[in-house]
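Residue numbers (the working numbering), protein chains in the order written: chain A, 1 to 170; chain B, 1 to 100; chain C, 1 to 334.
Any given hint could turn out to be false.
Subject to a maximum C-alpha distance of 35 Å in a straight line, what follows is the list of computed DSBU-like cross-link-like pairs (lysine-lysine) [to be verified]:
| hint | chain 1 | residue 1 | chain 2 | residue 2 |
| --- | --- | --- | --- | --- |
| 1 | A | 89 | A | 132 |
| 2 | B | 87 | C | 34 |
| 3 | B | 87 | A | 132 |
| 4 | C | 313 | C | 330 |
| 5 | C | 136 | C | 66 |
| 6 | A | 132 | C | 136 |
| 7 | C | 9 | B | 87 |
| 8 | B | 87 | A | 111 |
| 9 | A | 132 | C | 34 |
| 10 | A | 132 | C | 66 |
| 11 | C | 66 | C | 34 |
| 12 | C | 62 | C | 136 |
| 13 | C | 34 | C | 62 |
| 14 | A | 111 | A | 132 |
| 15 | C | 62 | A | 25 |
| 16 | C | 313 | C | 136 |
Simulated from the structure, these hints should not be mistaken for laboratory data.
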Amino acid sequence: MLPELFFGYFACAILGLALLTVTRKNLVHSVLWMLLLFLHIACLYLFLNAEFLAVIQIIVYAGAILVLFLFLVMLLNLREEHEARRFVKAWQGRLAVCLVLLTAAVVSVYKVEVEPFGGYTIAFISEVGHAKVLGTVLFNRYVLPFLMTALVLFVPMVAAIVLAMKERKR
Amino acid sequence: MVPLSWYLMLGAGLFIIGMFAFLVRRNVIMMLISLELMLNAVNIVLIAASHYMQDIRGQILAFFVMAGAAAGVAIGLALLIAAFRNKESANMDEFDLLKG
Amino acid sequence: MELLVTIGKTVLFVAVVLGVTLLHVAYATYFERKVIGRMQNRIGPVEVGFRGLLQPFADMLKLLFKEDIIPNNADRPLFFLAPVIVVASVITSLSVIPFFRNGSIANLNVGVLLIFAMASLAVYGIIIAGWSSNSKYSFFGAIRSAAQVISYEIAMCISLAGVFLMAGSLNLNDIVLAQRDQPLGMFVFAQIVGFVVFVIAAFAETNRTPFDLPEAEAELVAGYLTEYSGFRYSLFFLAEYISMYVMSALIALCYLGGWTLPGFLTRALPFLEFVPGVVWFMLKVYAFMFFYFWVRATVPRYRFDQLMAIGWKILIPVSVLNIVVTAFIKRWFM
């Protein structure tokens with residue numbers, strides 16, 4: 001009973017916070033609701049025994065990505081845009097499309113069940129430590145994708161610098 | 001025991017909310033935020049599936065999704081700054097000229 | 001029943017840790033003023049109580065009874081929320097610090113990362129405080145402070161990664177135990193580069209001199225604190241001192257051997273084994289707190305561009321190099 005209650009709370013909170021995030025007029029408020037949303041998602045990961053990913057979720061999303069958003073909202077000084085229209089004109093049609101897709105998704109997944117087939121049981125992970133298990137697999141079998149992430153992160157860094165430099169030359 | 005399908009439905013709901021916001025909001029920052037919501041929905045599904053299948057690969061994929069999200073946001077915001085210099089606006093509909 | 005006992009024990013432990021920390025914070029201000037006073041050839045507070053020992057409480061009462069001023073155009077909910085976020089995130093990071101062997105509220109496998117995560121959450125309090133005050137000085141202070149904390153957090157994490165590599169764990173208990181075979185029972189000699197980077201980054205992370213740019217009085221009044229007064233101001237103050245304690249504790253645990261003593265000392269003087277570990281831990285923490293105050297009394301403040309240049313052009317490359325060298329040595333020589 002207790003796990004269901006926990007999940008129920010987190011699911012309701014996540015969906016509610018997501019709705020709050022996307023409907024706020026003031027972007028700063030929106031970003032802060034999203035911060036709360038990410039904390040709830042991190043708790044959900046803890047609930048799934050992924051403690052390392054939960055902490056990484058907070059460090060990467062809350063500590064890096066959202067701060068970037070907050071910076072930009074403040075630096076561009078978008079306060080004046082509060083009066084502007086929040087949604088596009090024909091939002092009802094898009095809402096209908098989204099609801100249809102949601103129904104389709106829910107109908108197609110609500111009976112899904114899987115057979116556990118891997119060797120990474122809860123007992124094994126908690127004995128070795130989640131970070132260690134993840135690291136062992138990541139750095140052995142998936143080391144090439146991992147190195148490619150370095151490239152994925154390097155390219156936007158160069159691009160961001162180039163975009164920022166462009167103004168200075170003029 | 002919470003069944004896996006609950007997590008899948010939660011992920012679907014979050015994804016649809018993100019998609020709806022992406023379609024109807026015209027502010028570039030808001031669109032990037034809804035993109036993040038969608039990626040988080042995918043991550044929830046990946047990690048839940050990984051937990052229920054007792055297979056670590058889902059979590060590793062979630063790890064890569066996070067790296068990709070960070071890269072995407074960095075480039076998106078840099079582009080927005082560059083565009084903001086020309087237009088003084090973050091509204092998507094204002095960016096309608098090929099010549100800046 | 002057993003569950004209730006466990007919960008009761010945990011709550012009691014949390015209460016003890018919180019109470020003791022708040023008392024320590026009160027006397028850290030007294031300690032700071034005394035130390036800096038002596039260094040500047042003054043005697044520091046002496047009036048209230050015996051040798052000024054009641055001074056912190058007098059200050060606290062003064063702050064509590066001050067008028068609570070809220071600017072007219074402030075974003076009120078966020079203005080109230082900002083100090084709460086800062087204090088809550090800093091206090092949460094206390095929960096994973098082991099004060100003696102297995103003596104932490106939560107013995108997490110990712111303890112150090114939790115401290116980093118909470119440090120990155122504290123940035124929100126700062127940014128929100130500056131933004132919601134709706135004042136130019138606050139806003140600039142907040143932007144500066146946030147930029148500083150974010151940049152130095154990277155250097156801090158990367159420099160500590162050398163310790164993780166040496167210890168093979170992210171659990172603070174295991175990190176302390178892994179230092180047993182090191183010279184003097186500390187990582188500080190093997191990881192001297194990481195240690196120096198970490199100490200500099202810790203100063204910047206807690207907004208202390210020489211990196212207290214956000215509070216540069218001459219340029220920005222009081223930075224993001226400008227519009228705060230009374231109780232809310234004291235919450236920010238509290239958070240700053242607790243985060244100093246957390247950083248000192250992290251240094252004591254990761255580089256100075258935590259609650260253990262160097263091996264040769266306990267062999268030469270066996271009776272030292274019977275002293276509880278928390279004594280040695282506090283001794284190391286206070287040694288580092290003293291260093292904080294010493295630097296404050298000695299070093300002038302950096303300019304903002306210098307600060308960013310130090311962070312990005314020196315500390316981050318050096319700490320990355322430190323990881324690479326540590327990894328190579330660990331792979332081929334250990």
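Evaluated hints:
| no. | hint | result |
| --- | --- | --- |
| 1 | A:89 / A:132 | violated, 51 Å |
| 2 | B:87 / C:34 | violated, 56 Å |
| 3 | B:87 / A:132 | violated, 49 Å |
| 4 | C:313 / C:330 | holds, 26 Å |
| 5 | C:136 / C:66 | holds, 24 Å |
| 6 | A:132 / C:136 | violated, 47 Å |
| 7 | C:9 / B:87 | violated, 60 Å |
| 8 | B:87 / A:111 | violated, 50 Å |
| 9 | A:132 / C:34 | violated, 46 Å |
| 10 | A:132 / C:66 | violated, 51 Å |
| 11 | C:66 / C:34 | holds, 25 Å |
| 12 | C:62 / C:136 | holds, 28 Å |
| 13 | C:34 / C:62 | holds, 20 Å |
| 14 | A:111 / A:132 | holds, 33 Å |
| 15 | C:62 / A:25 | violated, 40 Å |
| 16 | C:313 / C:136 | holds, 29 Å |
Going down the numbered hints, you'll see the structure goes against 1, 2, 3, 6, 7, 8, 9, 10 and 15, while the others check out.
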